[in-house]
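On the provided structure of chain B, position chain D as indicated by the hints.
Those sequence lines, one after another, are chains B and D. Counting with the working numbering, you get residues 1 to 159 for the letters of the first sequence. Counting with the working numbering, you get residues 1 to 159 for the letters of the second sequence.
For the record, the hints were derived by calculation from the structure and aren't laboratory data. Here the structure is a predicted model, which is why all the values come from computation and not from measurement. Among the clues, some could well be false.
Reference listing, derived: stretches of chain B covered by chain D, where coverage requires no fewer than 3 residues with Cβ under 8 Å from a Cβ of chain D [what the hints assert, rightly or not]:
1. 29 to 42
2. 105 to 119
3. 135 to 143
Quick partial rundown of chain D residues pointing at chain B, CB under 10 Å, derived from the structure [claimed, not checked]:
4. S143
5. A148
6. H151
7. I156
Glycine included, every Cβ here is placed at the ideal spot set by N, Cα and C.
Number of protein chains: 2
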Amino acid sequence: VTTEEKLCSATLQSWNQVITRADRKLLPLTDEQLQQPIAPGRNRVIYLLGHLTAVHDRMIPLLRLGDRLHPELDAAFITNPDRTVDLPLSASELKEAWKQVNEVLTKAMSELTPEAWLERHSAISEEDFAKEPHRNRLTILLSRTNHASFHLGQIILTH
Amino acid sequence: VTTEEKLCSATLQSWNQVITRADRKLLPLTDEQLQQPIAPGRNRVIYLLGHLTAVHDRMIPLLRLGDRLHPELDAAFITNPDRTVDLPLSASELKEAWKQVNEVLTKAMSELTPEAWLERHSAISEEDFAKEPHRNRLTILLSRTNHASFHLGQIILTH
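Looking at chain B on its own, in the form it has when it is part of the complex:
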């Protein structure tokens, strides 16, 4: 195992750790518990579950790993705030989508080489990437891991 591979695997391990913690908190919640807001007047847990699922689903094409699985989530969980749009999936369907998206994504990411991690993500052109090489796949993984931790800190506030 090379130094590069160890560095990449530590980063993937950090992602897996956050997903595992989120699984442990989110998957046992009842439909009623998912309806709770994280604080009075704030997002409901189900909104954050859908939001994280949609953001992770978008990572699949963003990391150039294939087509996303659940484009129907964006209107309810990314484009619009909580409580303004009918949810496209039930609570149990949403939990299934969450598990499925993370599984497909994590498997595809585990096959990337260190050099592939430093290649561009799909939201930047090859021309711009030549000037801004930090806009690579690894930066996306690190920022999405932080994003999941950020919302997990909020979800954890509910009982």
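Here is chain D on its own, set in the frame of chain B:
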């Protein structure tokens, strides 16, 4: 710049990004705003500021980068829950400690080579590290970056 160096610099950049976001949220808060709980009955913002400062201060010896600067923070911000111990520093002193700790830590981390990032942290013996090589400095950096994101997600809930 080698592949290893690019991978490490992406990880440090992710840490810097979270610290910068925390600075932007925390440093402009008034003493009164720092007294707000993140949600009814939960930790106050000042507790989380002290908690993050203490945890980052402990990273200095944990990463074997020198002596910590503020051991006096642990009783009020790590060992005990909020509102049970008198705070050892005023709000403005705490903001100064936060900035100072992150500055010293970030500077020392920026000088580590990729190989040094994969060396053991100080809470594991050389003997155990031979069996568990993932318990290295980089894993600490990744987990503390997630930890800061986690609490930032909570702090952001206050107005």
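Cross-check of the supplied hints:
Under a criterion of three residues with beta carbons nearer than 8 Å to beta carbons of chain D, the stated coverage of the stretch 29 to 42 of chain B is upheld, 4 such residues being counted. As drawn, the stretch 105 to 119 of chain B meets chain D at 4 residues by the rule of a beta-carbon pair under 8 Å; at three or more, the given contact holds. With 5 residues carrying a beta carbon less than 8 Å from a beta carbon of chain D, the stretch 135 to 143 of chain B meets the three-residue requirement, and the given coverage holds. Look at S143/D: its Cβ gets to within about 7 Å of chain B, closer than 10 Å, so that hint holds up.
Below 10 Å, beta-carbon pairs count as interface contacts, and A148/D has one with chain B at about 8 Å; its hint therefore holds. About 6 Å separates the beta-carbon of H151/D from the nearest beta-carbon of chain B, less than 10 Å, and the hint is met. Here the hint on I156/D is kept, as its CB sits about 8 Å from the closest CB of chain B, short of 10 Å.
Violated hints are absent here; each numbered hint is respected by the structure.
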